[in-house]
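*Asks:* Chain by chain, the residues:
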Amino acid sequence: MPKILIPTPLRQFAEKKDSVEVDGSTVGEVLAALTAAYPDMKKNLFNDEGKLRSFVNVYVNDEDIRFLEKDKTAVAAADTISIVPSIAGGK
Amino acid sequence: MIKIEQEAWQLMVEHAQKTYPNECCGAMLGPIDGDTKTVRVALPLENAYPGAQRERYELRPEDLLFAEREARKNGMDLIGIFHSHPDCDAYFSKTDLENSCPWYSFVVLSIQKGQFHHANSWLPNMEQTEAAKEELEYPNA
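So the sequences go chain by chain: A and B.
If you read the first sequence in the numbering used here, its first letter stands for residue -17, the second for the next number, and so on.
If you read the second sequence in the numbering used here, its first letter stands for residue 46, the second for the next number, and so on.
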């Protein structure tokens, strides 16, 4: 099963696990399985319209899914999925 | 609260002063024990903002992915992000807030005329509409 690495601040919603293996053949399916298993994680990743929050980037291994097929990006059993925020700012 | 250890703090201040008059940025790694986050390692990262870096910073997501992997490799956590405000105070601006992420601590270093002046840490809320000040402890510069 694909493995999702859980960022530290979200582990409190995933029984303190630092990674979780869930079923799914696309990024969308895997994230849906993750939030089904750990519903409290959902509001951290998705907005009220069910879309990924603007600051959430998802990587399959080293590839940003924005440059692949977004939530339809295929994932294989050996793949590792990372959740990484977009961060910027200024005075 | 967030405590920054000497070696990490020195690196953060040096990075901010060296980058002056532009804004610098980087990641902070270390252990989290209950409510106490201890920054043991600072990772200076490149400001990737394509415009005027005196007023803006941007982190590449792949650089944060690297920081996250470094933390895991060393049995630590990604605690937060630091950046500098050249010639102004260490507040959390509207731009900072709107481009932040509610998961992490945001340490802002005020650099005045090229020298470190003061710092604050901020915790944005989920809606990114406001940020609470977090208790911050750092060594004397």
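Each hint should be verified, as a subset may be incorrect.
[Said to hold, decoys possible] Calculated lysine-lysine pairs in the DSSO-like style (CA-CA distance at most 27 angstroms, straight line):
#1 B:K139 - A:K25
#2 A:K24 - A:K(-2)
#3 A:K(-15) - B:K118
#4 A:K(-1) - B:K139
Derived by calculation from the structure, the hints in this document are not laboratory data.
These numbers come from a predicted model, not from an experiment.
*Asks:* All hints, please: hold or fail.
*Replies:* For each hint, the structure was consulted:
Of the supplied pair hints, the one linking B:K139 and A:K25 holds, its CA atoms being roughly 22 angstroms apart against a limit of 27 angstroms. Of the pairs offered as hints, the one joining A:K24 and A:K(-2) holds, with about 16 angstroms between alpha carbons and a cut-off of 27 angstroms not exceeded. Between A:K(-15) and B:K118 the CA atoms are separated by roughly 16 angstroms; this keeps the pair inside 27 angstroms, and the hint holds. In summary, the hint linking A:K(-1) to B:K139 is not supported, as the alpha carbons are separated by about 34 angstroms, beyond the 27 angstroms threshold.
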